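Read top to bottom, the protein sequences are chains Z and G. Numbered according to the working numbering, the first sequence terminates at residue 303, and the numbering increases by one at each position without gaps. Numbered according to the working numbering, the second sequence terminates at residue 479, and the numbering increases by one at each position without gaps.
Any given hint could be a false lead.
[Claimed, not checked] Output of the computed footprint for chain Z on chain G, the stretches with three or more beta carbons under 8 Å from beta carbons of chain Z: (1) 364-371; (2) 424-430; (3) 436-444.
In case anyone wonders, no lab produced these hints; they're calculated from the structure. Everything numeric in this text was worked out from a predicted model, so none of it was measured. Note that CB positions come from ideal geometry on N, CA and C, so glycine has one too.
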Amino acid sequence: MKYRLESRGLKSRRRFLGTAAAAMAGAMATLTGCGKNEVDAFLQHNFRELSQEELRKVIARLEQDAKAKYGKEIHIGNEPAMQGVVFGYALDLSRCIGCRRCVKACVKENNQSREPQIEWIRVLQMDKDEGVDVAHADPYYNPDKVPQEGKFYMPVQCHQCRNAPCTKVCPVGATWQTQDGIVVVDYNWCIGCRYCMAACPYGARRFNWGEPSVPSADINPATHYLGNRPRPKGVVEKCTFCIQRTRKGLYPACVEICPTGSRKFGNLADPKSEIRYILENKRVFIFKEDLNTKPKFFYFYGV
Amino acid sequence: MSTPSLQWFTRRILVLPCCWLLAGAAGAQDIQVPPPPITEGMFPCTVCHDGKNLKVNRKRRILKDMHSDIVLRHGPDSRWCLDCHDADNRDRLHLASGAQIKFTVSYELCGQCHGEKLRDWRAGVHGKRTGSWNGQKQYLLCVNCHNPHSPHFEALKPLPPPVRPEAIQAGKGGAL
Numbered sequence: 001m002k003y004r005l006e007s008r009g010l011k012s013r014r015r016f017l018g019t020a021a022a023a024m025a026g027a028m029a030t031l032t033g034c035g036k037n038e039v040d041a042f043l044q045h046n047f048r049e050l051s052q053e054e055l056r057k058v059i060a061r062l063e064q065d066a067k068a069k070y071g072k073e074i075h076i077g078n079e080p081a082m083q084g085v086v087f088g089y090a091l092d093l094s095r096c097i098g099c100r101r102c103v104k105a106c107v108k109e110n111n112q113s114r115e116p117q118i119e120w121i122r123v124l125q126m127d128k129d130e131g132v133d134v135a136h137a138d139p140y141y142n143p144d145k146v147p148q149e150g151k152f153y154m155p156v157q158c159h160q161c162r163n164a165p166c167t168k169v170c171p172v173g174a175t176w177q178t179q180d181g182i183v184v185v186d187y188n189w190c191i192g193c194r195y196c197m198a199a200c201p202y203g204a205r206r207f208n209w210g211e212p213s214v215p216s217a218d219i220n221p222a223t224h225y226l227g228n229r230p231r232p233k234g235v236v237e238k239c240t241f242c243i244q245r246t247r248k249g250l251y252p253a254c255v256e257i258c259p260t261g262s263r264k265f266g267n268l269a270d271p272k273s274e275i276r277y278i279l280e281n282k283r284v285f286i287f288k289e290d291l292n293t294k295p296k297f298f299y300f301y302g303v
Numbered sequence: 304m305s306t307p308s309l310q311w312f313t314r315r316i317l318v319l320p321c322c323w324l325l326a327g328a329a330g331a332q333d334i335q336v337p338p339p340p341i342t343e344g345m346f347p348c349t350v351c352h353d354g355k356n357l358k359v360n361r362k363r364r365i366l367k368d369m370h371s372d373i374v375l376r377h378g379p380d381s382r383w384c385l386d387c388h389d390a391d392n393r394d395r396l397h398l399a400s401g402a403q404i405k406f407t408v409s410y411e412l413c414g415q416c417h418g419e420k421l422r423d424w425r426a427g428v429h430g431k432r433t434g435s436w437n438g439q440k441q442y443l444l445c446v447n448c449h450n451p452h453s454p455h456f457e458a459l460k461p462l463p464p465p466v467r468p469e470a471i472q473a474g475k476g477g478a479l
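Only chain G is shown next, with the shape it has when bound in the complex (with noise of 0.2 Å):
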């Protein structure tokens, strides 16, 4: 008789609440990015823009002394670094609304402008997914693959194209 009673119990109280612990990791685990790829040495920012002995300069101009290598060609002439790195903590970005977020949740920053790219980013339709088609499935971040300060995909050399049929005929190549 106390087995019915013992099923409902191992069910409803133990089996449920698991259940619901999985799939809450799962959804955690859905958007599972690698690291920015920001160059070595470079990280984190606040250890030359700590605030004190570099001031913060709000102007906005043309780099000369520092990240003089980096070439901005991302939107209009009028965006520049403190639209997107914030001026009092810069390990952080910050969105439109002001909020600071980590450099590894930047895909929030891109989607501000780039809505229907991140909608389609988190269905696996824009961006490259690798692992598992009916399982654990890696993602890139957007800066992985676009260089956020020059977001236009940059141009491959092509791996050799196929031996023409001329060649494989005459035995270059070809069947023997």
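Bound-form chain Z, shown alone (with noise of 0.2 Å):
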């Protein structure tokens, strides 16, 4: 009984809430001159709190705000994972030339700010004598033709980490990982801290310092909530394995570009996946392995 009483307590409370932040919100756009949208992103819940019917009325106000920028109608969805996958992916350091396909078709794919730059793939050249080396890693190598004599290249992004520092650090719950292992990050939930880039062992995470700009022309309209969405400035992005075209079956735009056929993708857990075979069959390596993030990210040796 008691309980009872308790949990109606709360839920008068919760209702009063309710009232008073709706209250707030017209008297905030009364007296800030701020327009409904504004104020309905302010208030707006992390995206696993958000009810269905919430997220749909989020979704339809973000479609309506990337129209207004963008002059394009722009399709947001939020395709949940799959059941019995778990995303994994293999680059083949033997095969990769350092064309930077990858890097372009990625910034294209997922809406990467042009201006200011942003880039989520760096591809780092090395030398072969050396072996993999951060420390003297150049990624602004421009000959005229690549491979160059004695080098190797080793395309860095987002590694999807079983044990993944970035969202253990974030003080606010907007990066975690999904169920089919994508680490993702809610961009409306954000603060800017940057907190997830300084632990990222991998250097991965990028930050919107400037206005994202992308030319109405070049926008892909096919997004996803949690991925190749406009972004606003002052929040954190990275790669999400194309999570707008992987959860539909396709592949990720930089396998789908690379012109060496270095790149593979996969569900991790189906025995008869490519990317099983080259885990099962080939010399793979994990990149700062003894960090212990544990990367579905893998780098293998193809010959």
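With the hints as a guide, dock the two chains, each given alone in a separate frame, to form the complex.
Here's what the structure looks like:
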């Protein structure tokens, strides 16, 4: 009986707070001169706490904002993780020639800011004699032709760690690992503190220091809430294994573009997948394995 | 009473063969390849190499009158055209056994020496795959990426490097 009373009390308190928030929103809208969308965005909850109905409203609002900004219909999806799927990625270090086709395809697919420039993938050029030596790696190489004699290339992007340091340090829970293993960011919940960037040993996260800009003609209208939808200034973003593609069964954009076929992607939970074949039959290398981040991104030697 | 027997009939007689058929079709599509990149106007080869007006010359030589653009940089010096191209039917290639094969299955020819590459290619580990990670995939033939006469992968011009942080701080292409 006591419990019931308490719970009823809690409910009425919640109802009161809800009404108060709504009243405050109205007052804020009048006082600050903000539009309804801005107020709604301010009061929006974390993606993981949204009901289907709330999510539908949030997405409708975001689509409206995106259309106003880019003058184009942009679809924001929220496809859930598939059952029995854990995504894994493998990159053939013996074949990558460092042509950066993946970097630019990723920028295009995932609506990364062109000005200021944001690129989720960074290709490191290193000496074959030295092996993997990040301290002396060069990401700015620009010869006429690649591969250069005596060099090898190692593209680095989010490793989608199972033991991800970035999700642990986020003070607000704006980044987390989904059921299919993709580490995602709720751009509307991120406060831009960049702790996650400091925690990531792979330097895979990027911060929107400026208002991101993408020419309207270049914007990819097929997006996902946790992936390539247009981002605001002041939030962190990173590779999501092209969540908007892979959750529909497609390969990520970087896999599709790679001219040497160095990039491999699949379901780690499926014993017949390409990724499992690689893990079971090839020499596999885990970048910074000693940090125990347990990445789902592997490097291997195909020859 | 007749329902179970009807179910049995549907399951055993109709569904199972349909599954086999579908599985067979999927198996055939597993190695789905685009057409080989043959120079336009070259195929069929038998337009010129008909065996009547142009007799077969089996002598190993450097070609001067035709196909002089082909540079052969593939394996030992002793290798030449008719090791792979069939002398009796120029629209076909041949394996070491003498068996003729179409240009569309040239991977079987390549696989005679590069067996481990063929194995990896079939598994989807060597070479590029596009399409769907959990469904239909498109493969490329060996010759779509490697020129069979000079198979080393061609060097490419890299796309532009990232902007340096100094340039971003100076406001050139940076945050404003």
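Would you list, in rising numerical order, the hints stated earlier that this structure does not obey? Violated hint: only 1; rest satisfied.
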